[in-house]
Amino acid sequence: MEEKEITVNIKKYNENDGAFWKSYKVKADRYTQMTEVLRRIKTEQDPSLSYRASCHMAVCGSCAMKINGVPSLACKTMAFKATDEKNEINLESMDYYKEVRDLIPDIDTFYDRMYKALPGLAADEEVIAGKAEQRMLPEEQKEVWQFQGCIYCGLCVSACPSVKEDEKFLGPAAHAKGYRYIADDRDTKKEERINTLMDSAWRCTSCYMCYEVCPQDVQPVIAIKKTKSYLNDYRGPETDVIAMARKHDNAILELINDTGKIKESSLYLKTFGLGEAIKDSVNMLRSGKIKYAFTKDNDVKNINEIKKIMGDKK
Amino acid sequence: MEKKEYDAVILGGGLAGLMAANITASAGFSVAVVSKVFPTRSHSSAAEGGIAAYIKDNSDPNDDPDFMSYDEVKGGDYLVDQDAAELLSAKSGEIVHILDSWGAPFNRQPDGRIALRYFGGQTYPRTRFVADKTGMALLHTLFEHATGLKNIDFYNEYYVLDIVKEGKDVNGLVAMEMKTMDPIYLKSRALLIASGGLGMIYKHTTNSYINTGDGYGIALRSGVALKDPEFVQFHPTGLYPSDILISEAARAEGAILKNNKGERFMARYAPHKFDLAPRDIVSRSMTIEIREGRGFEGGYLGLDLTHLGREYIMDRLSLAYDAAKTFSGVDATEEMIPVRPAQHYFMGGIDVDITGTNHDLNGIFAAGEAACVSVHGANRLGSNSLLETLVYGRETGNAMVNFLKSHKSMESNSNVDSIINTAYSYIKRETGEHFGTLLNELRDIMWDNVGVFRDQKKLEEAVRKISDLRKRSLNMYVTDKSNNYNTEAFNAFETRNMLDVAFAISSAALNRKETRGAHYRDDYPNRDDDNWMKHTITYLGDNEIKITYKPVNYTRWKPEPRVY
Amino acid sequence: MKVAYYPGCASHGIAKDVDIATQLIAKDLDLELMEVDDWNCCGGGFMDDKSEEIHVALNLRNLEKVKEMGFNKMATPCSVCLNSHRIASDKYEKNPELKENVDKRLKNADIEYDNSVDSEHFIWTLIRDVGIDNIKKHVKKPLKGIKIGTYYGCQLLRPYEVMGFESPFKPTSVMDLVAATGATPVSFPLKSACCGFPLMGSNPPVGLKMADNILGNARNNGAEMLVHPCSLCHLQLDVTQLKIKDQFKQDWTLPVLYITQLIGLSFGYTPGELGIGKITTEYLKERGFT
Chain F
3 MEEKEITVNI
13 KKYNENDGAF
23 WKSYKVKADR
33 YTQMTEVLRR
43 IKTEQDPSLS
53 YRASCHMAVC
63 GSCAMKINGV
73 PSLACKTMAF
83 KATDEKNEIN
93 LESMDYYKEV
103 RDLIPDIDTF
113 YDRMYKALPG
123 LAADEEVIAG
133 KAEQRMLPEE
143 QKEVWQFQGC
153 IYCGLCVSAC
163 PSVKEDEKFL
173 GPAAHAKGYR
183 YIADDRDTKK
193 EERINTLMDS
203 AWRCTSCYMC
213 YEVCPQDVQP
223 VIAIKKTKSY
233 LNDYRGPETD
243 VIAMARKHDN
253 AILELINDTG
263 KIKESSLYLK
273 TFGLGEAIKD
283 SVNMLRSGKI
293 KYAFTKDNDV
303 KNINEIKKIM
313 GDKK
Chain A
15 MEKKEYDAVI
25 LGGGLAGLMA
35 ANITASAGFS
45 VAVVSKVFPT
55 RSHSSAAEGG
65 IAAYIKDNSD
75 PNDDPDFMSY
85 DEVKGGDYLV
95 DQDAAELLSA
105 KSGEIVHILD
115 SWGAPFNRQP
125 DGRIALRYFG
135 GQTYPRTRFV
145 ADKTGMALLH
155 TLFEHATGLK
165 NIDFYNEYYV
175 LDIVKEGKDV
185 NGLVAMEMKT
195 MDPIYLKSRA
205 LLIASGGLGM
215 IYKHTTNSYI
225 NTGDGYGIAL
235 RSGVALKDPE
245 FVQFHPTGLY
255 PSDILISEAA
265 RAEGAILKNN
275 KGERFMARYA
285 PHKFDLAPRD
295 IVSRSMTIEI
305 REGRGFEGGY
315 LGLDLTHLGR
325 EYIMDRLSLA
335 YDAAKTFSGV
345 DATEEMIPVR
355 PAQHYFMGGI
365 DVDITGTNHD
375 LNGIFAAGEA
385 ACVSVHGANR
395 LGSNSLLETL
405 VYGRETGNAM
415 VNFLKSHKSM
425 ESNSNVDSII
435 NTAYSYIKRE
445 TGEHFGTLLN
455 ELRDIMWDNV
465 GVFRDQKKLE
475 EAVRKISDLR
485 KRSLNMYVTD
495 KSNNYNTEAF
505 NAFETRNMLD
515 VAFAISSAAL
525 NRKETRGAHY
535 RDDYPNRDDD
545 NWMKHTITYL
555 GDNEIKITYK
565 PVNYTRWKPE
575 PRVY
Chain X
-14 MKVAYYPGCA
-4 SHGIAKDVDI
6 ATQLIAKDLD
16 LELMEVDDWN
26 CCGGGFMDDK
36 SEEIHVALNL
46 RNLEKVKEMG
56 FNKMATPCSV
66 CLNSHRIASD
76 KYEKNPELKE
86 NVDKRLKNAD
96 IEYDNSVDSE
106 HFIWTLIRDV
116 GIDNIKKHVK
126 KPLKGIKIGT
136 YYGCQLLRPY
146 EVMGFESPFK
156 PTSVMDLVAA
166 TGATPVSFPL
176 KSACCGFPLM
186 GSNPPVGLKM
196 ADNILGNARN
206 NGAEMLVHPC
216 SLCHLQLDVT
226 QLKIKDQFKQ
236 DWTLPVLYIT
246 QLIGLSFGYT
256 PGELGIGKIT
266 TEYLKERGFT
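Chains as they are written, first to last, in our numbering: chain F, 3 to 316; chain A, 15 to 578; chain X, -14 to 275.
Okay, chain F solo, but in the shape it has when bound (with noise of 0.2 Å):
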C-alpha cells in the first residue's frame, strides 16, 4: 500500500517545562488511524510521549484531544485525511481541562458531572425482586439508546462555551446522561431526575457545539432540549433561571399563539420587566437603537392557522 511521510506535532507538556511543541516523521497509508500513528510514535521515537487510547474503535472515549484544533478521537482520525496543506498534523490536549501531561489532561470534572447527572436505573421493586419483567417498546428503546450512547470521552464538555463560564450547569453529557434515564419508562425516579436537571438545562446556550463534536452523534442538546420541555410540569425548587425562563417561555407562547411573530420588546418587557426595560432603552437611545424597538410589524394574517398548529402545548 501506498505510504508518505507527514510531519505530526505535538504540544507536550510536563511540569518541569511546561508545554512545548515536538514534531515528528512518521510513515502512514490511508488507512492509518491517528492512535496507530501515537503508537508508532512512542514505541519507535519518542517513548516518552504520553497519551491515552484504549479501544481504538470510537467506543471506549479514551483517545479525546483536540486534533488541527478541533475535537475528536484520536482513533476516528486517519491520519492522511487530518493532514493539511502541509502534510502537517497538529495534537493538543482538550480545552478547559487542566493540563498534566502531554495529551492526558485531568478529566476528574467531566466524571464528577456525569455522576451528578443521577446515572443508574431505579427499576420498580417487583422487577428488582425477579418476580416481574420489564416490557419496553422498541420505539422506546431507541429514544433511551441514542441518548446512552455516550462513552464518556470528554469532547462535548471541553468545547462548551456556557460550562467555561457557568459553574451550575452539568454540562452537555451529563445531560444526555440524565435524559436517557428520564425517558425511560422503566425508571421510577422520574421527578427527582428531572428536579435535578431542570435549572441546568435552561443554562445550555444551544449552540450544537455538542452534537457537531460528539464522536457518537449522541446529540446531547437535544437532550437538554427535550428535558426543558418537562418545564411545565416541573414542580421543584423555583431557581433564578427557572422563574426567568419561565417568563420568558410563557410570553413567547402568548405572542406566537396571539400575532404569529415574535415582538422583542414586547417578550423584553414581559420576561424582565419594566425596571430593566426602561434601563436597556436608556442604552438603546444611546447607541440611536430605540427607533426600531418601536418598529410594528404584521400579525400572521391568517392566525388561525397557527392557533390549529399549536393546539394542545404539549
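Please keep in mind that the hints were generated in silico from the structure rather than gathered at the bench.
Quick look at which bits of chain F chain A covers, simulated, 3 or more residues with Cβ under 8 Å: (1) 42 to 51; (2) 119 to 132; (3) 183 to 190.
Here are the simulated DSS-like cross-link-like pairs (lysine-lysine), alpha carbons at most 25 Å apart as the crow flies: (4) A/Lys548 to A/Lys560; (5) X/Lys155 to X/Lys132; (6) A/Lys339 to X/Lys76; (7) X/Lys155 to F/Lys166; (8) F/Lys281 to X/Lys234; (9) F/Lys303 to X/Lys(-13); (10) X/Lys84 to F/Lys309; (11) A/Lys339 to X/Lys155; (12) X/Lys89 to F/Lys310; (13) X/Lys234 to F/Lys166; (14) F/Lys228 to F/Lys118; (15) A/Lys217 to F/Lys27; (16) F/Lys14 to A/Lys495; (17) A/Lys164 to F/Lys191; (18) X/Lys263 to F/Lys293; (19) A/Lys422 to A/Lys17; (20) F/Lys78 to F/Lys14; (21) X/Lys122 to X/Lys12; (22) A/Lys217 to F/Lys6; (23) X/Lys155 to F/Lys83; (24) X/Lys92 to F/Lys309.
For glycine and all other residues, C-beta sits at the position ideal for the given N, C-alpha and C.
Based on these hints, arrange chains A and X on the given structure of chain F.
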C-alpha cells in the same frame, strides 16, 4: 507509602470485575476496584454482537438450556468442563434479567420483550443485544449501578504491579497511581483478577491497546497457574487493514464471506452452518483461501452485506457500517467489507474452578477473560464472553463473600518493598533495552509462529525467541524520568507481563501434539482424545514453563466428530 | 433573479437594520427578494424547547408557503431562522414518529407539505448564486485597511450534517465576503463560539459574558470592527453592546455590523442609509466613511 485496607481488591473494572464488586459490596464487604483505565474504557466496551441467554418464555419454543450447554461443549471441541457450561446456560436468563433491571437498553421485540438473534454455533437463536454495541451498553449499565453503591472505592488509572502474599496466602496488591507515580499498598484478604485479555501480544488483534495480559503475568510470577494457554481465538472478520472487529452479528444477520472468485467458500468447509460455523473453523477456512491464492491483493476476503439493504444495515449493524466506512473507506451497503482473521480472545487463563477460585494461593480468584473456568474449552462461541463475565463474575463474587466470612486479616507485608523496588529499577536504569523494541519483536513472533496454523518447527522457534526476549527484558529501561503519567514506565511493566504470558502460550502450544478447536497443528491435524482430552496447566519456573495436566469434567456429552 | 425571502421577526423588529441593508444590496445585485407570504415566527431556539412537534410544524408552514409561491428554496438573513427551518426539515425526514404527529397538526390547519423546500442563508445565496467576483464588481468604495473580525456564531455552522454549507471548524464564507469588500478579514479563536443570545431568556449574566468574550477576543486579535451573519447576534453584539460595556466595566466598544451592512458600505451606501447604529457610525466617521 500509602496503605489502605479492604476486604476485597478487584483488579479490573470491566464487566467481570464490576459484577463481582457489586456482589461483594452488596454483601456488606468493602471493595476496591483497581483499573489502569477509567472503567468505561475497559475492553468489555468493545464487545459488539451480544450476550447469549436462554430466557424461559422468551426463547425459541424448541430451545432449552441443555441445547445451549451442548452447543458450548461442541463449540469448545470437548475441552469444556461440562458442569461449568451447564451453569453458564442455566444462569443466562437470570443474568439478562438482572442487567435489564439495572437499566440495560436491550433491543426489543414489538411486544416489548427482549429481542434475540442467531450467532455462530447456536442450534437456536439466543443472542440478546443492544444494536452492535452490546458490551458498551452493558458495561455502562453495570458501572453506573456500581457507582451508586457505598462500599466500592474506585482506583481509576492505577497500575497494578504485583500480588502481595504471605506464604500461600494473598495479602493484597501493590499498585502505582499513574498520575503521580506514587505506589500504594492495597491490603486485602481476597483478590480477584479480572484484568481481561492479552491481544497486544499479537501483531494483528481486534483487542484494545490496554489488553496486555497484566493479570496473567502477575499470576504467573506469584506461582499461580494458567490453564489451557495454547488456546487463542482468531476472529474471522477483522477489518482490513486496521484489525478492527466486524462483529459476528454481521454474519448472524445474513452477511456472506466471499473469495476473489465471488464464491461463498464456507459452503465447502461447513456445509450446514456455512458462514456461521464456529470462529476457529471459519478463521482456518479463510486462512486457507488466502494461502491458496483466492484472497484479494494484500491478503483479505470479502464480507458481503449488500443484499441486506441499507435500512436494515443501518438499524442492526450500524457499528459495522461505520467502521468499514471510517477505517477502510468502504460503503458496506454497496461493496464488500475487506476482512481477515485477527487475534480476538484468549480461552486460556488463570486456573480456577467453577466458583472462580484458584487453589494455588489462598484468597485468589479470577473471572472473565482473565480466568479459565473452562466454559469455552478449545474455542469460544460468539455471545458467550459477555455471558461468562457476568455469570462467573457473579459466581466468583459469591465465592469471595463466602471466603471473606471465614478468613481473617493477616499482619505483615513481606514482599511489598521488593515489588516497588523492581518497578523503580526500570526507571532508575540509564541504559539497556527499550520496551518498544522487545514488544514489536514479540508481536511479530506470536503472529508468525503461534497463529492460526502451528507446527513443531515454528513453535520451537517461538519458545526459543521468547525465552531470549525475556532475558533481554531484565535489562529493560525507561528513558522518561517524570512523575506524571510516565506511560513509558507502564508500557515497560506491561511488556514484562506480555512476555511471561507469551512464554506460557508458546510452550503449551508446542507441548500439545494434536489439533483441537483454535489450536491447529499442521503436523498433528487430528483431535487425539486418547492422549489429549485434558487441560494443560502451566507454571512459570526459572526461565521455563512447567506443564502438568488436569482432567476435563464430563457430565453428559461424549466427544463426537465436530461437523458444522 | 427572484429569491423567496424570509426576514424573520428580529429583522422586522429591533434588528430592522439587518433587513434594510439586505434589501439595499439585493437590489444592486439584481436579486428580487420576494417576502414569504404571511410567514410566521419559526420559534427558533425556543419552540423546540417547548414542543418538537409544534416547532417542526410551524417551520413547515413557512416552507409550504414558499412552495406555493413557486420556489424550491428560501433565503433568510438570520442564522437562527435558518437553523430552525433546516433542523425542522431534517427531523421531519428522519423521524417517522415525529412526522406522524407533525402531519396531524398540519392537517388540522389544512396544510399539506412534502418536505421539498430547502432553506438557505442569504450569504449562501450571495456566494453560490451571485458569486464573490460578481459582488466585487459592485464595490465602489473598497474598505481598504479596515481590519474586520469575521464572526460566524453557532447556528450558521452547526450541526454540520444539517447545515452542510461549510466546515464548522474552518468556515470561510464571512471571510470571503469581507475580503470582497476590500477590507482585511481578521480570524479569531472564538469566531464560531456562541454569542450568548439564547441565554438572554433564562440566564442573562452568562449570556452577556459570552458576548463580552466574543467582542474581547476579536479585539485582542486585532479586529477594529466585527462583522456577523445573524439577526440575533445583532441584538446581542450590537444592540446590547453598551450594556455589556457597563456590566464588565470595559473602557472600549467594538463597532459591529451585519454582513450586508458592510457590503452596503463598500457598494457606496452611507451608514444612515444602511440603518447603522451610533457606535459604528461614529467609528466609521473616524475612519473616513460617511
